[in-house]
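Going down the list, the sequences are from chains A and B.
The first sequence runs 1 to 272 under the numbering used here.
The second sequence runs 273 to 1268 under the numbering used here.
Okay, derived cross-link-like pairs now, DSSO-like style, lysine-lysine, Cα gap no bigger than 27 Å in a straight line:
(1) B:Lys388 <-> A:Lys76
(2) B:Lys846 <-> A:Lys81
(3) B:Lys1216 <-> A:Lys251
Hints were generated in silico from the structure; no laboratory data involved.
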Amino acid sequence: MGKVNSIVIAGNGINCEMEMAHALRLAGSDRVDVVNIFSLLDGDIDLFNYNFLNFAGGFLDGDNMGSARAGAVRIKFAKIKGSEERLIDRIVDFVEKGGLILGVCNGFQLLVKLGLLPGFDGNYTEQKVTLTFNKLGRFEDRWVNLKANKSSPCIFTKGIDKIYLPVRHGEGRFVVDSDVTLKRLVEDNQIVFQYVKGNENEYTMEYPYNPNGSILGIAGICSKDGRIFGLMPHPEAFLHYTNHPRWFREKLPEEGDGLKLFKNAVDYLRNS
Amino acid sequence: MPHRIEIFLKNMELDVLGEKLKRRIKRDLNIHIDRVFTSDIYNIGLELDKNSLYFVATEVFLDKVINDYSIDEIAFRDANYYLEVGLLPGVTDDVGRTAEESIAIALNINSDNSFKVFYSRGYAFYSDNITRGEVERVARDILSNELIQGFRILSRDEIEKSNGSISAWFPQVQIKRDIEVKSFKLSSMSDEELLELSKSRTLALTLEEMKTIRGYFNQVEVRRVRREANISEDITDVELECIAQTWSEHCKHKIFNALIEYEDLSTGQTEKIDSLFKSFIKKTTESVREEKGERDICVSVFSDNAGVIRFNERFNLVFKVETHNSPSALDPYGGALTGIVGVNRDPLGTGKGAKLIFNTDVFCFASPFYDKPLPPRILHPLRILEGVREGVEHGGNKSGIPTINGSVVFDDSFLGKPLVFCGTAGILPRVVCNDKGESKEIKEGDLIVMVGGRIGADGIHGATFSSEELHSGSPSTAVQIGDPITQKRMIDFLLVARDLCLFRTLTDNGAGGLSSSVGELAGLCGGAEIDLMKAPLKYQGLNPFEILISESQERMTVVVPQNTVNEFLSLSRKFRVESTIIGKFTKTGYFDIKYGDKRVGFLDLKFLHHGNKQMHLKAQWKRKNIVPCSFDKPMDLGSVLHKLLSSLNICSKHYFVRQYDHEVQGGSVLKPLVGHEDIGPSDAGIVRPDLDSFEGVVVSHGIVPRYSNQDTYSMAACAVDEAVRNFIAVGGDPDHMAGLDNFCWPDPIESPKNPDGRYKLAQLVRANKAVYDICTYYGIPLISGKDSMKNDYIWDEIKISVLPTLLFSVIGKINDVRKAVSMDFKGAGDLIYILGLTDMRMAFSEYFYLMNKEFETEVPLPHKEINRELYYRLHNLMELGLIRSCHDISDGGLAVALAESAFAGGFGADVEIKDVPVTVPMREDFILFSETPGRFVVTIAAEKKDQFENLMKGVPFAMLGFVNNSPNFLIKNNGSILVKEDINKLKESFLKTLDF
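Extracted from the complex, chain B is given alone in its bound form (with noise of 0.2 Å):
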């Protein structure tokens, strides 16, 4: 029998996490619970006497200063509710591996899977009008996830019943079946049936391509091969899987390859266009390249798992950002911290791999206020910021990289999927072992090692456990979870390893685990062949096609010479990380796939890799029609300046920069939150990855997903503006910079139930048009990017799908962070400048989501010819020191932007908008809230007046006024008075929103 140790607190006033889930309950239940005290329980599978019992638990377990302990017996007896709450099998438990691990250390005993741990927490609930269905509300709403948890709950009277006495949470996967490997007979199949196999195992394959599969197996030459390779003439389940995953939207971008015929409703035009990637992204990129000549920063662009350009004399620095959606919307927590940990192993797996240098994320939800009935399966909006945001903490945090940029963006339509982008950056020596850092070489018989994490059934879609009902013993597949300290240690061991030069190359286990891992290496060298009972697992019972697509998490697939093996295997013991031969590389043509003697899998790479068909789609755009806005102006400008700092896009989002780490590696340089009270928003942020060095590595994003209401290229092209824009405020080079781009669409496929599939197919075209025209215009060359195509939630005649959404993130150089400008203005008597164009094109800004009215005016469009002539010039400005106080002009416009340095430098200002530059005369709230791309205001200091102004001919600006000593914000137009504010109050509203 398990035993179970619980820990808790002696003294109740230090249960702090009690008081917090307090107060949340109240904050998201309304229900009042007088004392709530938490408790971590352990349950371990180990025979242990009363002895060894009260050592564990006092030796191992319990900080004496604070913390007493019950064996085997519930801690809060005299509870109201006692609420248990633990993982269901398969689950990863990292908690409960770091408790196994120390057992065996404490007690000098084996740990080697010889016997397993689990964590569970406990809740005790005092006040005695709580009833059990209350506490049954805080399990499901707040504490724990029907997907991955379960929780039990006692009464006082159960309790005391039981005398207290209670048995482990225990879940152990218990798998009792056959190992086997099937095969189908795919030429005896109907299309229904070729379609319902598709189903049924969600294969995510279309007729099309199942019968691609069908004809392929149907050759007489390849079954000729087959029979001489001793398997089955007919395709196994192994193989099934492994096309189906090499095959799938998520690893072939089948829609960004597809041949799409673009038909322009408004205007008659059509075009063809064979595949938007190599058309508009991968077009992008060589021709900046190619425009660039000598002064081309990329080193590797779209060939690896991130993309790479130039650094240093020492470094080159790797990107990449990945999505991470359907996982997060199930599970908040889980989906967000796999998201993080598995964007880390990109940069990892790029090339003889990268140390990481910083994370980046960005978040799109629904308001965390949303008050109407939600429909079925979907978690509440704060729910689902809470769970990703301590996803991503705990991700970032314990991983040791610092998170340096992003966002939170609200809108009703994320209520479908929530949107979140994790991105990480990593520095790569220019040379590794007298090899470029970049290089992938595989030579034929070098070994594939299989290193970090165990094999589960974690992330098998579609596998004959999901279509099992669930039961004790089955292991919870829909999520994985990451397990940070694991892959640490991995990420050590590696870089270590990587030095010593002890293998050639590497790539991490995502999407797809050993198939994609493997399968995509053995294309570069011409083959290999695995044995995947070899592969280490969690537990027994998995069938071979599982142990090749598992999407465990902390693994990388390494590329080990036979020479340096056995060094590579001892120093991997050294930093306790499992790794394991499970095959070598070939140039046989084929990925060969063995189960032990038995061969299970035995696939053309050619057609692997490019048996697929190109899909052909159809694409319609309709421009919506443009109608004249007209609304009063609002009497006081300034209740309307408050509301717009308080609104949920603009606000404050220090709730969530506080909780993460943004400094650790020591390189900070610009932080998220700056000013004289650290609550100004940076427009971008900047590390020095090498301490050695004052070069910095700067890091910026837009994203505009509301400008989609009306027409994607104006939402495309805001977003790529923005990053820019951010990356150019803070001292980025203009000459240094790089693009990734990362789309994230509703269903753009059109189908009965998705109608207006050719309409969404039409914005995404029109967005990777923006795409092209503004980076090629601006020198952008796109390294790395990544494509998220079906964010809808459907449930009966409900469906929601997103705004169609592109992340545009810019990494790049500043030459020295010494140069580097903040936002905050720096002293009373500077001289505030607005640079840039301001116009009429307002649609769906901040200020007009405000008024709620219907407004159709046209969304804004950067001025792309000023634009980029205003870059370069305020960059060298900035190179010649001119600048004290840069901020982008964004959201909110001019108005928020001035109000926002303001309070964040503890400056008053004094404006006059009358000469803002603007492309037709404009009303005055107009002027002040438009979100024209292109724009920042600046500060200088009085004696510079001169030289700044001879430096900016040509390009539009004015001077709008001075910093103040006081807290009073006045914006005048034409000497009357427009707003009149207390810094400190503005401040209030910009904080307030979001802070739980």
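Okay, chain A solo, but in the shape it has when bound (with noise of 0.2 Å):
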């Protein structure tokens, strides 16, 4: 059995570590650490004591830039101190020696502004895809359904077909940068969540079902053997029943749909 060592990256903006890190708690994560970026940058801490790296929600830089732009470039460029490593080598090389990645919304922001999401042939550096501001122009916090692509290989949402869950961004419209990209996407089911309208199987453009506009009605995409995972919406804000919208009038299971997804990371950990 494998330990599962979790680390939530905090700071400079990221707001959401708390509950992430409460998800993970709940999940069975043996360790749980909140870690502030600038540690990793300083290098006190060392990424490769976990295996399980998580990019809290949240406003990287306050999305001064774009969303997670700033934070990305800080990434890709500073060195940590002490060595000429940047903390992109070390992220690369974490995933490489077989960790699990999850970025929600912010987090997922920076996975594809780094490159590590899609990461095509494992080419963890090269931006192919993006999200931009949603199709109406503003922020929204509003609970979507989702459909998991069954085929996919995300690890995350093994057994999970359809998901309820908030969005609450004002960047979350994916694009892609050719089509050759998006066939791709599609071909090697790197498409994990897509909007749908309400109970229905196929995904929607239609807002605010589609809350962002997004191709495909893409809401969540993985790596090619889908050990790195980035959503727009919030799993680690639906832990308890109570965390839903219309709880005060559904007959809800205790757990919230939200927690799956990290419970599937943790046991994917442990068994591997």
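Using the hints, put the two standalone chains together into the complex.
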């Protein structure tokens, strides 16, 4: 049985780290550390003490130059104190050694802007897709229905068919650099979650069910081997039924839908 | 020469911000433009060669998937008009600052203020018919505010002439002058000269106060001490400004502490009130605490930046609500943003520092559809609405604090000044480092450390800058703009430092800047000395007094013991937060202010904090005549209901709510929008701040300024009752609630330009009496509050005063969030009840306002004895799990509450009103639309009927009917149909008004 050691990155505008850590604890992670990104950059904490790296939602650098852009510049260019390595080098190394990465909302924006997703051909530093301003041009907090791609290699979504989670973003519209990229995402089943209308099975482009105008209704994608996963909706915001907007009127299981994603990740690491 | 990198979208279809702007130009200015495209411009004050520029453009700024860029050239050379909007010198530029950091990281150079980057925005207008004048209107009325921003417009011809090349927008602050400290020989000044000095420096000190200061500085003993201290015997500008800040209405609440002669002209009675604060606010808390005895929930009240009450074994709750009205009138976005990030620092600066768990916001505006000419310098209410909404959005969302409760109130008196209330709650551990969390103890020798942002000329009023004419190098001082990310880093750092026991206590730098924060803390310890030269500045050239009173944002003053200061400073560096030791605490009894080696201020704390005399004011109350109302009952009450649902004060505020993150931190229990389609307006907000516990925090509020048209006693009583009712409606524990009062008043001091000052002061007295009467009766301790007393607009002959407004907020506990109740009907067959007593006091109700008649019946007033009993009963029923839905009856009355619960639940209703408990026989339209406080619409499962009715015995209630599984919404009186509507149509009416 493998140990599950989770690190949740915090600081510099990230703001969902506490509920992310809570989700990991509930999911049974053996160790959960909330670590400020500057501690990684200063070399105080070694990423290799962990096997599950979590980028929580928030506003890295206030999203001041576009979501997660300044955050990506920092990870890409800043050298870790006392070393010639950059943080991105460590993260790529972490991926290659079998670690899991989850990015939610601003964390997902960061993953695509770094190039960790979609990570075609093991190239984790080339940006192929992006998340830009919602079609309506505004931030919105609303719950959305998602369908999972059963053929996806994503290790986080095993056993999940449909899921209901909140989105809370202004820049969540998924856009690709070319049709080739889109085709590849589809063919390699790297599309994990798509927005659907109610209980339907086809993705939707209709607002507000697709809240941001994402192409093919894409809400989340993974790397080809399914170990890096990013999504705009917030699984850590639905851990208990009282988080559900209609728990007052619907009979719901004690555990929220979002927890399943974290449990899958923990199980995967435990058994690998 | 600075360089300019412009980033735009390759695929114009993705330019949603351009599209949104196009829509807004049409909506707000009725100007049609074919296409609008936008760009981000980074103006970089760094010598860079071509390759480096290319590198910066592509690696730092460009999103390769969607963006393209141009360097030192306009991106849209074929536009009919090109507009660039940028900031004026000295205005907070958070994007520019982030760009500085990012460029420095990418180029591996030192960013520490070694070069500047300024952010501006480009707009390209494509439309053959558009004129330069129209573009200018867009620039002035939508995209820029002359107080903080500038713009330039280029036509296609002009762009062609320059071949597209354009200089950078580079608003660097350049102040060329000698640093100086002035002193004033007050003893030789006449009364006129004293007043002129106060006025010319915008000190807002009265002649009385100026004389007090003169008297003090004339004392032989004072002059001797000053000679020995090696400071000019005459008062320095540093001291004068420091006293003015400390004695300001904003900091000292002089009106609330005044001696007031109150005369009721209708009864002839007079009374003397020695401080409204002591006689009503503080006294409320004292008597409630005494009566509660062991069950008292107060921990720290009125003494710190925010009030503190008990929560559970581990945490106490901290709450504060502030207003930011004047800044929001000038710059709605910046004013509201600063309002929210500013109030964040109050719980953060309470005791040893609280973690922030939610925000609340309440806005009062004039109608966004206001179509009469606007008085000079007043911004259109729609523009204020959009700016304020966005400022609170950015401030709250970017700080990771959920906005869980609020409201928007409309009345055209708020044209004079919008009211912007921002609240923030936090949790404070009961024990921090073996000490009480709320402790504010300071020891002699502790260091004064300024943490966070740097000091600029922001928010210095009446200083030389604002009396100079604005020129290209002069900083904009009128408003401050918050920078949420700088504050977020600071908060992250301080909470970690707190738990590592690295500091003793802290306070925020808000109004008055260092003069207030250090001045107040010095009062706790018995002295302080600071060196203003050590304080880090945004730019050089500030005089010592400006450094002392600057209101630059994102700063805390932290008390750090000498033995932990090194660790504190190194942790601060780790979090990329600037911390600077600027002085230490002493026991000398003086606030000792130096600038380098030179002593520039030496103020006896006793004089500083207690030297000003109590104001004496007169208040005169005359009750307005009550004219019985008479108009015929409208034939079609269904259409009245539609109109009420779509009226500004009742209609859905989803446009605001959706754009605020109300769920971050993971503890969301009751959201602002509920029901089967998430459109029902919740009565209150509930969160779990501790995810390992089911204990929840409930927050609610009440606000009914319109009732002030007749009597502020009723207005205040109804505001308190509404807040409590909302709190109870969702499951809050009536034994565990606390109140916060925010008074926003028109100037209540009589003067030639304010002839009805006595009446307004009487209105204030009456509101205070009501708060005392209701709160002591309901057992609500007041834990913190704030007043804002000059909410008027005066320009030549035009005077607009806001309606006297009390926002009453309630914070408290629900012991188990799983027992919370929402307002939407839950299932067909459920029985519908009304709880509480309905009466005829309906003046200034939404119904009468809608009917547009000059009614002066009485305004509503709570039946407090009945209500208190009812609230306890209802809470008990909720504890037993009997209540399926509960909705407070307020604006628009019973019919509106029923309709909201019905369409929120997606069910119809069959209602009979003949048994509604009333004080006197009432007309059926009055029963439907009366706003008598203290009533609810609740539903229960049919099988619980007997149990429910038994437990309700003795309080007024009646069964109205049942929930049904159809879209039909039916209200009958004695069998005859009054309203027959489709809930989907009612829902449409509710949603459409503010569906921008």
